[in-house]
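Student: So you can see what is in the structure, the chains are spelled out below.
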Amino acid sequence: MLVDTLDVTPARFHADTGWEIKPEGACRGDVCVPLPDGFSLLAAADRLGMAVVEEPAHGLWAVGPESLTGRALVSAEAPELELSDLDGRPWRLSSLRGQKVVLVAWAPY
Amino acid sequence: MEIVTVSLELSGPEASREFIEAARPEHPSLLDPTHRMDALFGVVNIPNVIWIDERGMIVRPPEPGWPGAAAYPESLAERMAERARLAAEAREAAIARGETPPMDLMTQLGSGQVRDGYADALRDWAGRGADSPYALTPDEVLAASQPRPPAVSAAAAHFELANHLWRAGHREAAIRHFNACHRLQPDNWTYKRQAWSLVGNERVGGEMGRLSQAPLPGEEADWPFESNFDADVARLAPGRYYPKTM
Chain A
2 MLVDTLDVTP
12 ARFHADTGWE
22 IKPEGACRGD
32 VCVPLPDGFS
42 LLAAADRLGM
52 AVVEEPAHGL
62 WAVGPESLTG
72 RALVSAEAPE
82 LELSDLDGRP
92 WRLSSLRGQK
102 VVLVAWAPY
Chain B
9 MEIVTVSLEL
19 SGPEASREFI
29 EAARPEHPSL
39 LDPTHRMDAL
49 FGVVNIPNVI
59 WIDERGMIVR
69 PPEPGWPGAA
79 AYPESLAERM
89 AERARLAAEA
99 REAAIARGET
109 PPMDLMTQLG
119 SGQVRDGYAD
129 ALRDWAGRGA
139 DSPYALTPDE
149 VLAASQPRPP
159 AVSAAAAHFE
169 LANHLWRAGH
179 REAAIRHFNA
189 CHRLQPDNWT
199 YKRQAWSLVG
209 NERVGGEMGR
219 LSQAPLPGEE
229 ADWPFESNFD
239 ADVARLAPGR
249 YYPKTM
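Going down the list, the protein sequences come from chains A and B. Adding 1 to a residue's 1-based position in the first sequence gives its number in our numbering. Adding 8 to a residue's 1-based position in the second sequence gives its number in our numbering.
Just so you know, these hints were derived from the structure itself, not from any lab. Fair warning: there could be bad hints in the mix.
What the hints assert, rightly or not - Each pair of labels, with its calculated beta carbon distance range:
id : chain 1 : residue 1 : chain 2 : residue 2 : range
1  : B       : R191      : A       : D17       : 18 to 28 Å
2  : B       : L94       : A       : L43       : 32 to 42 Å
3  : A       : G60       : B       : R191      : 16 to 26 Å
4  : A       : G60       : B       : E10       : 50 to 60 Å
5  : A       : D17       : B       : P141      : 32 to 42 Å
Said to hold, decoys possible - Beyond 10 Å from chain A on every Cβ pair, some chain B residues (computed):
id : residue
6  : V57
7  : A77
8  : R99
9  : L113
Quick reminder that beta carbons are idealized off the backbone N, C-alpha and C, glycines included.
Make the full structure from the sequences, and use the hints.
Tutor: So this is what it looks like as structure tokens:
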């Protein structure tokens, strides 16, 4: 998550990290992590083990993914993945629910 | 079963287009310029493959996987054969000097995950679903996913900054964040290969440009990264580049 202010809304946090802010805390899949009252990016990042790295010369902060369990996956429920194809057409992993999916990462390097 | 391919490349669609169009895929073929696959799933190298069942549950986390035995385009195969010959000479010379020989790329790529059996395992799961011995339980999936200490979260944050700054033309700042990223998660090869290939491609160009991931002879002092593909592979124990998970 890349931001030019630390004052971000819960909706933006959800869109960029996949963690939805609910009354019971920050939730993704079947996992909810309690948060202090009143959403703040830094408090949520702290509870979820998300690194916050500042690039002052360009007025940017990057927020890394959660590390709270010590593993890359906190739930076996696949996170939503939104990407586009060569022609810019959007695609969502959840559109393939009901089928087995084999997701292959490659690169031209 | 649906296959979905995802290209982890920040340079824009053109860098991936020729490969995708040559493959003429009938499955979704997508671009991931910010490496969401790393942050969301724990992808750390390419190729990495993830299995997801009909209910949207991951049954195998990212791991090295192939459709069959290694097959390379002719131009690349020739270059790899030449590389293997040079590596064999270097190995013999090191042994003759009484030194421990460095790990060479072909030995490294031939160890670890077994290529030939991977597609058979995939077919077994395609046919038998949860009854396949290759389908893991949710707890096994979490435990088999990549380690994610806070340093790895920080590596991803540095990568996101580097990626953005490089595309915005802030080269020095980008390289600073790439180097920080690589120090924090040295076993993430997509973060490293992505960065090295940007500079390699500038210097070499052509079809081999993005596969040039180390300084050219005589240009070592001008290499902006603290690591490079050749040096990092040479330091690895056998089987560590594509670790065996199956």
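Student: Run the C-beta distances from A77/B to all of chain A and say if the shortest one exceeds 10 Å.
Tutor: 17 Å, holds
Student: Has the hinted range 18 to 28 Å been met by the Cβ atoms of R191/B and D17/A?
Tutor: At roughly 25 Å between Cβ atoms, D17/A and R191/B fall inside 18 to 28 Å, so the hint holds.
Student: Does the claim that V57/B lies off the interface hold, with its Cβ farther than 10 Å from every Cβ of chain A?
Tutor: 5 Å, violated
Student: Hey, is R99/B genuinely clear of chain A, shortest beta carbon separation above 10 Å?
Tutor: About 26 Å separates R99/B from the closest Cβ of chain A, which puts it past 10 Å; holds.
Student: Take a look at whether the Cβ-Cβ distance between D17/A and P141/B falls inside 32 to 42 Å.
Tutor: 38 Å, holds
Student: Mind checking the hinted window 32 to 42 Å against the Cβ distance between L94/B and L43/A?
Tutor: Since the Cβ atoms of L94/B and L43/A sit about 51 Å apart, the hinted range of 32 to 42 Å is violated.
Student: Report holds if the minimum CB distance from L113/B to chain A is greater than 10 Å, and violated otherwise.
Tutor: 14 Å, holds
Student: If you check the beta carbons of G60/A and R191/B, does the distance land in 16 to 26 Å?
Tutor: Taking Cβ atoms as reference, G60/A and R191/B lie about 24 Å apart, which means the hint holds.
Student: Determine whether the Cβ-Cβ distance between G60/A and E10/B falls within the hinted range of 50 to 60 Å.
Tutor: 41 Å, violated
Violation of the numbered hints given earlier is confined to hints 2, 4 and 6; the remaining hints are satisfied by the structure.
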